[in-house]
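> Protein chains in written order, with UniProt numbering: chain B, 1 to 286; chain L, 1 to 286.
To be clear, the hints were calculated from the coordinates, so they are not data collected in a lab.
Honestly, I wouldn't trust all of these hints.
Stretches of chain B that chain L covers, calculated by requiring three or more beta carbons in the stretch to come under 8 Å of a beta carbon on chain L [to be verified]:
| # | stretch |
| --- | --- |
| 1 | 87-99 |
| 2 | 144-158 |
Computed list of lysine to aspartate or glutamate pairs in DMTMM-like fashion (alpha-carbon distance at most 25 Å, straight line) [stated by the list, open to error]:
| # | chain 1 | residue 1 | chain 2 | residue 2 |
| --- | --- | --- | --- | --- |
| 3 | B | Lys141 | L | Glu147 |
| 4 | L | Lys136 | B | Glu279 |
| 5 | L | Lys85 | B | Glu143 |
| 6 | L | Lys136 | B | Asp137 |
| 7 | L | Lys221 | L | Glu209 |
| 8 | B | Lys229 | B | Glu143 |
| 9 | L | Lys141 | B | Glu143 |
| 10 | L | Lys85 | L | Glu285 |
| 11 | L | Lys85 | B | Asp137 |
Some chain L residues flagged as far from chain B (calculated, every beta-carbon gap over 10 Å) [as the list claims (entries may be wrong)]:
| # | residue |
| --- | --- |
| 12 | Gly163 |
| 13 | Asp179 |
| 14 | Arg224 |
| 15 | Pro240 |
Glycine residues also receive a C-beta, built at the ideal position from the N, C-alpha and C atoms.
Take a look at the letters that make up each chain.
There are 2 protein chains.
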Amino acid sequence: MTEDLEWRVLSESEKERERKGRRKSLLLCVSTFIHCHCFLPTLSTQQHTIKPLSPSHAIPTPHSKFPSDSDTQSLFFSGRAERQKLLNQKGCVVWITGLSGSGKSTLACSLSRELYSRGKLSYVLDGDNLRHGLNKDLGFKAEERTENIRRTGEVAKLFADAGLICVASLISPYRRDRDTCRSMLPDANFIEARHHEAILIVFMNMPLELCELRDPKGLYKLARAGKIKGFTGIDDPYEPPLNCEVHVPEASKAIEIKQDGDVCPTPTVMAGQVVTYLEKEGFLEH
Amino acid sequence: MTEDLEWRVLSESEKERERKGRRKSLLLCVSTFIHCHCFLPTLSTQQHTIKPLSPSHAIPTPHSKFPSDSDTQSLFFSGRAERQKLLNQKGCVVWITGLSGSGKSTLACSLSRELYSRGKLSYVLDGDNLRHGLNKDLGFKAEERTENIRRTGEVAKLFADAGLICVASLISPYRRDRDTCRSMLPDANFIEARHHEAILIVFMNMPLELCELRDPKGLYKLARAGKIKGFTGIDDPYEPPLNCEVHVPEASKAIEIKQDGDVCPTPTVMAGQVVTYLEKEGFLEH
Chain B
1 MTEDLEWRVL
11 SESEKERERK
21 GRRKSLLLCV
31 STFIHCHCFL
41 PTLSTQQHTI
51 KPLSPSHAIP
61 TPHSKFPSDS
71 DTQSLFFSGR
81 AERQKLLNQK
91 GCVVWITGLS
101 GSGKSTLACS
111 LSRELYSRGK
121 LSYVLDGDNL
131 RHGLNKDLGF
141 KAEERTENIR
151 RTGEVAKLFA
161 DAGLICVASL
171 ISPYRRDRDT
181 CRSMLPDANF
191 IEARHHEAIL
201 IVFMNMPLEL
211 CELRDPKGLY
221 KLARAGKIKG
231 FTGIDDPYEP
241 PLNCEVHVPE
251 ASKAIEIKQD
261 GDVCPTPTVM
271 AGQVVTYLEK
281 EGFLEH
Chain L
1 MTEDLEWRVL
11 SESEKERERK
21 GRRKSLLLCV
31 STFIHCHCFL
41 PTLSTQQHTI
51 KPLSPSHAIP
61 TPHSKFPSDS
71 DTQSLFFSGR
81 AERQKLLNQK
91 GCVVWITGLS
101 GSGKSTLACS
111 LSRELYSRGK
121 LSYVLDGDNL
131 RHGLNKDLGF
141 KAEERTENIR
151 RTGEVAKLFA
161 DAGLICVASL
171 ISPYRRDRDT
181 CRSMLPDANF
191 IEARHHEAIL
201 IVFMNMPLEL
211 CELRDPKGLY
221 KLARAGKIKG
231 FTGIDDPYEP
241 PLNCEVHVPE
251 ASKAIEIKQD
261 GDVCPTPTVM
271 AGQVVTYLEK
281 EGFLEH
């Protein structure tokens with residue numbers, strides 16, 4: 001049996017525990033305690049102080065049959081707050097959305113580099129690349145595309161919880177899918193700053209003509225030739241983020257990157273816009 | 001269209017490109033260059049020197065229709081080597097396997113805390129917890145359980161690539177599934193130290209009787225009562241890692257944690273064993 005079955009049965013077991021009136025031993029309590037603090041750190045409002053360990057904490061318990069430490073303090077683990085302190089930043093997701101050829105990957109690269117130059121840890125999740133690993137079992141049906149976005153969102157959430165600035169770069173043309181990802185993040189809010197949302201949508205608002213002219217992968221040509229059906233911007237819609245359209249930046253974290261006249265910003269300028277935003281919102285300190 | 005279709009069509013597009021004799025513009029070359037360095041860092045043997053950026057690098061290109069920087073050096077992004085340098089550690093996966101109740105979660109907690117006390121960044125992936133997010137679409141059929149392990153392995157690989165010490169805690173009873181995860185890691189090997197494997201298997205070799213006595217989730221009771229079928233250790237096998245059995249630690253990274261006489265090691269002692277191993281193998285420095 002794998003841990004799957006454990007999880008399924010746990011709720012039944014817990015119900016039984018309820019019926020029995022919580023007559024469980026101290027051992028079970030301690031075990032549950034460990035589990036909660038270990039794997040559900042974001043659900044806890046308690047902040048733990050991690051004490052530097054010394055060998056004196058490792059007192060063997062020769063009469064115990066079970067792994068345990070005499071000092072319960074040592075059962076605390078390093079949680080999100082500690083990881084953020086270590087990195088001196090707040091974990092979050094920068095979700096870059098836009099047409100094919102709008103410069104998402106370029107921005108992701110530049111942003112990653114710019115953050116590194118400031119000593120900040122980021123990681124880029126790219127939809128295409130995940131296709132070779134985590135999402136390699138997914139095909140190209142509508143529901144599989146949605147699943148691709150969902151899994152990417154779930155992984156991005158884990159990275160944010162780990163304290164990293166996770167840069168997800170996906171066309172993600174539908175509001176529904178982006179909203180699903182956004183809705184994953186609330187319970188990953190920062191314990192110490194609950195007003196923060198942990199996701200920042202970056203909308204690469206570049207004209208279709210420009211993206212098509214750029215066409216780095218030759219996909220627009222194929223789409224125009226009818227060799228690709230359902231291509232975003234050609235015969236399938238791109239739904240721009242609403243919060244950018246209505247210009248209410250304080251309602252939700254979203255920024256728009258667009259041309260200044262007919263001049264596109266350089267990668268460094270684009271990255272600078274995002275970094276400035278992250279800095280202003282306090283993401284670049286713990 | 002999502003990025004899925006892009007990926008699928010890319011190979012067709014690339015074939016066409018081959019046929020056309022690589023008559024693509026400089027723009028396309030630069031774009032491909034960015035893409036390769038951005039998302040396939042582990043496939044490149046080249047190590048990049050990241051130069052601290054100054055505003056002078058952000059020179060706009062007013063005559064260009066496309067996002068670009070005049071300084072191609074700035075197209076380099078922060079790769080695995082840079083992230084490891086930032087963290088002063090090597091990204092890897094510590095995969096904890098063992099029976100239910102053998103102390104996997106306890107070790108994961110303790111290890112995470114111990115690493116934090118040394119200023120090292122780790123993240124715990126727990127099979128049960130992933131059930132609530134990434135793997136919530138999976139049921140309990142054999143192939144879905146295997147898929148659960150596979151996805152966890154893929155995510156662990158991403159975390160290792162991000163430079164973290166990823167602690168995956170799953171019963172993972174079958175060698176086949178563990179081998180699948182192990183096989184994912186070779187191309188995540190360290191650029192600067194190719195002799196390193198990026199996965200360390202930790203086998204919690206605790207007697208079934210002890211695990212059943214401990215039974216923190218009450219699952220063994222349910223299994224003995226016939227309420228759970230296919231429970232590892234009761235009516236489904238646990239296949240211990242072979243490399244532990246034959247005691248060839250140098251053949252593959254695997255360590256065994258077991259009782260000393262009838263005394264179990266404390267969490268701190270267990271974590272210490274793993275940390276000592278990681279330190280000895282050079283994972284705790286970049």
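> Determine for every hint whether it applies to the structure shown.
Do the hints match the structure? See the list:
1. 87-99: The restraint on the stretch 87-99 of chain B is violated, since only 1 of its residues have a Cβ under 8 Å from chain L and three are required.
2. 144-158: holds (count 10)
3. Lys141(B) <-> Glu147(L): Cα-Cα ~20 Å, so holds.
4. Lys136(L) <-> Glu279(B): 34 Å, violated
5. Lys85(L) <-> Glu143(B): 40 Å, violated
6. Lys136(L) <-> Asp137(B): Status holds; Cα separation ~16 Å.
7. Lys221(L) <-> Glu209(L): 12 Å, holds
8. Lys229(B) <-> Glu143(B): 16 Å, holds
9. Lys141(L) <-> Glu143(B): 21 Å, holds
10. Lys85(L) <-> Glu285(L): Given that 25 Å is the threshold and the Cα spacing comes to 8 Å, the pair holds.
11. Lys85(L) <-> Asp137(B): 34 Å, violated
12. Gly163: Since the minimum Cβ distance to chain B is about 7 Å, Gly163(L) lies within 10 Å and the statement is violated.
13. Asp179: Check passes; 15 Å lies beyond 10 Å.
14. Arg224: 13 Å, holds
15. Pro240: 15 Å, holds
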